Amino acid sequence: MTENSKIKIIFWGTPHFAREILKQLVESGWKPILVITQPDKAGGRGLKLKESIVKALAKKSNISYLQPTKLKDPDFIQKLKSYQPDLCVLAAYGKIIPKEILAIPPKGFLNVHPSLLPRWRGASPIQAAILNGDKETGVTIILMDEEMDHGPILESRKWKIENRITYKELEEKLVEEASKLLIEILPKWLNGEIKPTVQDHSKATFCPMIKKEDGRIDWHEPAEKIERKIRAFQDWPAAFFETNGKRIKILEADVLKNETILKDKKIGEFFCFNKELLVKCGKDALIIKKIQPESKKPLSGYEFWCGYQKKLK
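Heads up: the sequence shown is residues 130 to 442, going by the numbering used here.
Rather than coming from a laboratory, the hints here were simulated on the basis of the structure. Being a predicted model, the structure only gives us computed values, none of them experimental. Possibly wrong hints are sitting among the right ones.
To be verified - Cβ pair distances, simulated, as ranges: (1) Y212 - E180: 19 to 27 Å; (2) F335 - G374: 28 to 36 Å; (3) I323 - T198: 33 to 41 Å; (4) K177 - I323: 38 to 46 Å; (5) K201 - K425: 40 to 48 Å; (6) E276 - Q438: 46 to 54 Å; (7) K289 - F335: 18 to 26 Å.
What the hints assert, rightly or not - BS3-like, lysine-lysine: derived pairs with alpha carbons at most 27 Å apart: (8) K179 - K152; (9) K309 - K324; (10) K412 - K340.
Built from N, CA and C at the ideal position, the CB exists for glycine as well.
Please construct the entire structure, taking both the sequences and the accompanying hints into account.
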């Protein structure tokens, strides 16, 4: 195959995971000719428009970018065709790509996905792996088709999930593996050395887009499940409960298995033991290590108990 710089790649992506993939492409000599990312979104105080970090990196790297609101817009499709890409690479873009666009690059669309497909197709595979207590996950690169995370597999890499790993920690591990794998297989794919393998669709599992309300804690659930939710939703929306109309986030926790301490406690009851804040759950108890009251700085569980004890009763 010709030199990397002569291969015309269009990159699609929006959040941190995508940014790191794009960064590796640029640094490895596979600099895209164009970046497609989501439109700027209003956020923060004053609801000012905020650009995606992928767009910011594209500007820094002197790469042209587009932010279409509708992928089926004829003008957008015509503009894409005018770039005459050899290949498209997609990582966490956030929308299903229409058939007409998938057909534009002769070498297709490669999707870099942070799970071991067909497990956890969808928008939140890293969170899903933590929430469900998976022992391993990984990254998969597929040749995209019209269905979500459905196309044949080019290559994958497994990763053992460490005990009590957080979302951010796992994302960093997976994006590092994904970047290496993509750079490794790109020349092989372009040279026709890889034969895609059809996924076993009967084993597919799915994970939806996460909503803010998904972070709400139900104390009737087992403490282990709640602790996994805290780690999975570390980045957003955070695991939370409400008291006196205030939303309180739990940032770090552990599980206590001690029936003697818990036998006289009610589900959802907060109490202090050995200067640790605990709450009884449907099974076992949650030890709250770090907690953040609404509009306040994070506190240790014990600090929170000392200052908010009366409000929890």
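Taking the hints in turn, this is what the structure says about them:
no., hint, verdict
1, Y212 - E180: 19 to 27 Å, "21 Å, holds"
2, F335 - G374: 28 to 36 Å, "35 Å, holds"
3, I323 - T198: 33 to 41 Å, "34 Å, holds"
4, K177 - I323: 38 to 46 Å, "44 Å, holds"
5, K201 - K425: 40 to 48 Å, "46 Å, holds"
6, E276 - Q438: 46 to 54 Å, "52 Å, holds"
7, K289 - F335: 18 to 26 Å, "23 Å, holds"
8, K179 - K152, "20 Å, holds"
9, K309 - K324, "19 Å, holds"
10, K412 - K340, "25 Å, holds"
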